[in-house]
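*Asks:* So you can see what is in the structure, the chains are spelled out below.
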Amino acid sequence: MFFKECKKILFSIPYILIAVILLIFFYTEFYSDLGNDLSAPRPNDPEGYGYYVENDPKLIMPAATAMLFEEFLSNSYIAYPMGIYKNVTLSDSDQVQVAEILSEITGIPKKDFSAAEEKERTSSDTAVIDAGTTAEAENGYTYTIPDSLTEANGTDTLDISVREDLSYEKFIKLMDRADEIIGGESYYERTSLADHFGMMEQDYEQALAEYEELMESGAGMAAARLFSDYIGIFTTLLPVFLAVWLIMKDRTSRINELIYARQISSWKLIGVRYSALVCMVMLVVFVLAGISAVSIYSFCGAIDGLYMPFLFALGWIMPGGMISAAVGMVLTVLTSSPAAIAVLVLWWFLSLSMGNIGGSYGGLTLIPRHNTMQNKVYFIENLGTLAVNRSFYIALSVVLVLLTIYLFEQKRRGRFYVSIIKRRTNHQIEPEE
Amino acid sequence: MSALSNAAPIIKSNLKNNLFPHLVLTLLLLLLTPVIFSISNLNARAAAGPMEAFVVLSGVLLLTPLYYPEQKDAISETVEAKYISHLKVMFLRFLTAWILTALVIVVFAGIMHYCGSTIIGKLILGTFASAVFLGGLGMLASGISKNIAVGYMIPIIYYTFNFAIGSKLGNFYLFSLMRDSFSEKPWLMAGSIVLAAAAFYIQYFRMKTR
Chain A
0 MFFKECKKIL
10 FSIPYILIAV
20 ILLIFFYTEF
30 YSDLGNDLSA
40 PRPNDPEGYG
50 YYVENDPKLI
60 MPAATAMLFE
70 EFLSNSYIAY
80 PMGIYKNVTL
90 SDSDQVQVAE
100 ILSEITGIPK
110 KDFSAAEEKE
120 RTSSDTAVID
130 AGTTAEAENG
140 YTYTIPDSLT
150 EANGTDTLDI
160 SVREDLSYEK
170 FIKLMDRADE
180 IIGGESYYER
190 TSLADHFGMM
200 EQDYEQALAE
210 YEELMESGAG
220 MAAARLFSDY
230 IGIFTTLLPV
240 FLAVWLIMKD
250 RTSRINELIY
260 ARQISSWKLI
270 GVRYSALVCM
280 VMLVVFVLAG
290 ISAVSIYSFC
300 GAIDGLYMPF
310 LFALGWIMPG
320 GMISAAVGMV
330 LTVLTSSPAA
340 IAVLVLWWFL
350 SLSMGNIGGS
360 YGGLTLIPRH
370 NTMQNKVYFI
380 ENLGTLAVNR
390 SFYIALSVVL
400 VLLTIYLFEQ
410 KRRGRFYVSI
420 IKRRTNHQIE
430 PEE
Chain B
0 MSALSNAAPI
10 IKSNLKNNLF
20 PHLVLTLLLL
30 LLTPVIFSIS
40 NLNARAAAGP
50 MEAFVVLSGV
60 LLLTPLYYPE
70 QKDAISETVE
80 AKYISHLKVM
90 FLRFLTAWIL
100 TALVIVVFAG
110 IMHYCGSTII
120 GKLILGTFAS
130 AVFLGGLGML
140 ASGISKNIAV
150 GYMIPIIYYT
160 FNFAIGSKLG
170 NFYLFSLMRD
180 SFSEKPWLMA
190 GSIVLAAAAF
200 YIQYFRMKTR
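The listed protein sequences correspond, in order, to chains A and B. Residue 0 is where the first sequence starts when you use numbering that gives the first Met the number 0, and the numbers rise one by one after that. Residue 0 is where the second sequence starts when you use numbering that gives the first Met the number 0, and the numbers rise one by one after that.
Okay, chain A solo, but in the shape it has when bound (with noise of 0.2 Å):
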């Protein structure tokens, strides 16, 4: 029954379809970054050498003010309250108070923002703020007025360069306040000014240390956790479609009735189709996992760990699968409606919008990220968080399978249904007793 309830997902559409998104998004998005990462350096080579963190106030402060003056002209301040995407707009009154930070870290009178901002509202044109690239960021910003508001202010450029007797203590504390201000988890929150605004370019010495360091400290973890991360976020959310599709499918073709019949245990029958569901949709990932892993040893040479993708698909992958199907299952068995698609495309959206893509695996999160080769330190440091959240949906997965068996049980003896719309189905049969 296992290998039919296999072929049956086989030769499916939502199946072959799930199949040809992960393929395209393996090529597209890891593939590509395999590559380049696992790529030894190039002298000279003009596409740069990425950038790295570096917690410089000569760097941050410049950055930040201009980030929070192109914020303020255009009342669009973006934030992330419970690690969801927020474009927050604040009220007249608080604006007139980020103009104050904004005059407090620049010198430059707080009536002169207000203007600014009141003139980039009412023009068609838009403000251009020139922030040169980051290494020329401690040389300052340059705000360029558009010709439309060069009348009001007088002059066609606006220095907005940080004030010099400004200490660092003095500026985060202002950062601290327009972070207050827009709602909490803004670009100025203290804790985040580094990774917004400390970027720096590396140059080719300091990416040639950090692909040694990579090499060393194990290519193949490296490459198992990136595909970890691009995979994991599709696995999560595609195998809700295929457990709508195989319960609805028997609704819709009107063998739900035969199959209530039948003398087969709800047990066995739940038991073999999730775990046939779950085990076609590895069947993909590992299939991604091996070309991973031939791709490591044709990008690098490296031999040593290219099995990580498959322990990584094991640990990392197949519980996100696991509890998207399990979802899918137990609420269109409860529902006898495609209902899971909307919740679990809701809960995988929150949860894609929240944490930081660099690594963050702790609380519930249900698709944990870690979208680069780098940061080996803080995965290893990590690793218990992450057994933990993986180990919790697995046993979450196993409870929702058990509550969709027993609410399988009850369906066949007629005793539960629950509809979004209530209505008489043909299938209802009295209780035994």
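It is worth saying that the hints were derived from the structure and are not from the lab. Note that the Cβ used here is the ideal one computed from N, Cα and C, for glycine as well. Any given hint could turn out to be false.
[As the list claims (entries may be wrong)] Partial list, computed: chain A residues near chain B (C-beta under 8 Å):
id	residue
1	16
2	20
3	75
4	85
5	86
6	87
7	337
[Said to hold, decoys possible] The calculated SDA-like cross-link candidates involving lysine to any residue, where the alpha carbons are at most 25 Å apart (straight line), are:
id	chain 1	residue 1	chain 2	residue 2
8	B	167	A	57
9	B	145	A	49
10	B	145	B	163
11	A	57	A	106
12	A	375	A	199
13	A	118	B	40
14	B	167	A	49
15	B	207	A	250
16	A	248	A	411
Based on the hints, put chain B in the right spot on chain A.
*Replies:* Chain B in isolation, oriented as in the chain A frame:
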């Protein structure tokens, strides 16, 4: 006039037995939007954020399940035995879903306008074009596969791909208003009509040839 006879009971029945739970989900989506996005005091470009990135999903919720009832064999057989033209029923359902999608978008735009945001006609039209395009994808996928799960899968994947590889989708990029561009919207509108027509034809052909 005779073509419109029985329209009211058909629309009423569709709303009650088919669209109602999807309408409830759509309202939940609208309620959730202000939690994720600011909807107050936005200029026209910023207002495109919540409309294009979230309210467009109303098209998926309202249009995808259009032919869901006929995917159940029992209902399909009953429908075949009815004297009333199924073509007419399908068209009325389609019209109802389009009007509801437009209504949802206009109501939400009205709320944003009340909250001090700048709402222009292009924003409403553009959001509607993206919404019915996604809905058209859902209708067609559902029609071809005869399965509602596949129907939802295609537009949701297309929607997520717009975040990842948006610029590569050319004239069929869903979130162009956030980049101050309206030129993609006529393409999306035309695409939605083609998709809906194809879904309509497949469903009608299937019913005829059973």
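*Asks:* Decide, hint by hint, whether the structure agrees.
*Replies:* Against the structure, the hints:
no. : hint            : verdict
1   : 16              : holds (6 Å)
2   : 20              : holds (6 Å)
3   : 75              : holds (5 Å)
4   : 85              : holds (6 Å)
5   : 86              : holds (5 Å)
6   : 87              : holds (5 Å)
7   : 337             : holds (5 Å)
8   : B:167 <-> A:57  : violated (38 Å)
9   : B:145 <-> A:49  : violated (48 Å)
10  : B:145 <-> B:163 : violated (29 Å)
11  : A:57 <-> A:106  : holds (17 Å)
12  : A:375 <-> A:199 : holds (20 Å)
13  : A:118 <-> B:40  : holds (16 Å)
14  : B:167 <-> A:49  : holds (23 Å)
15  : B:207 <-> A:250 : holds (22 Å)
16  : A:248 <-> A:411 : holds (17 Å)
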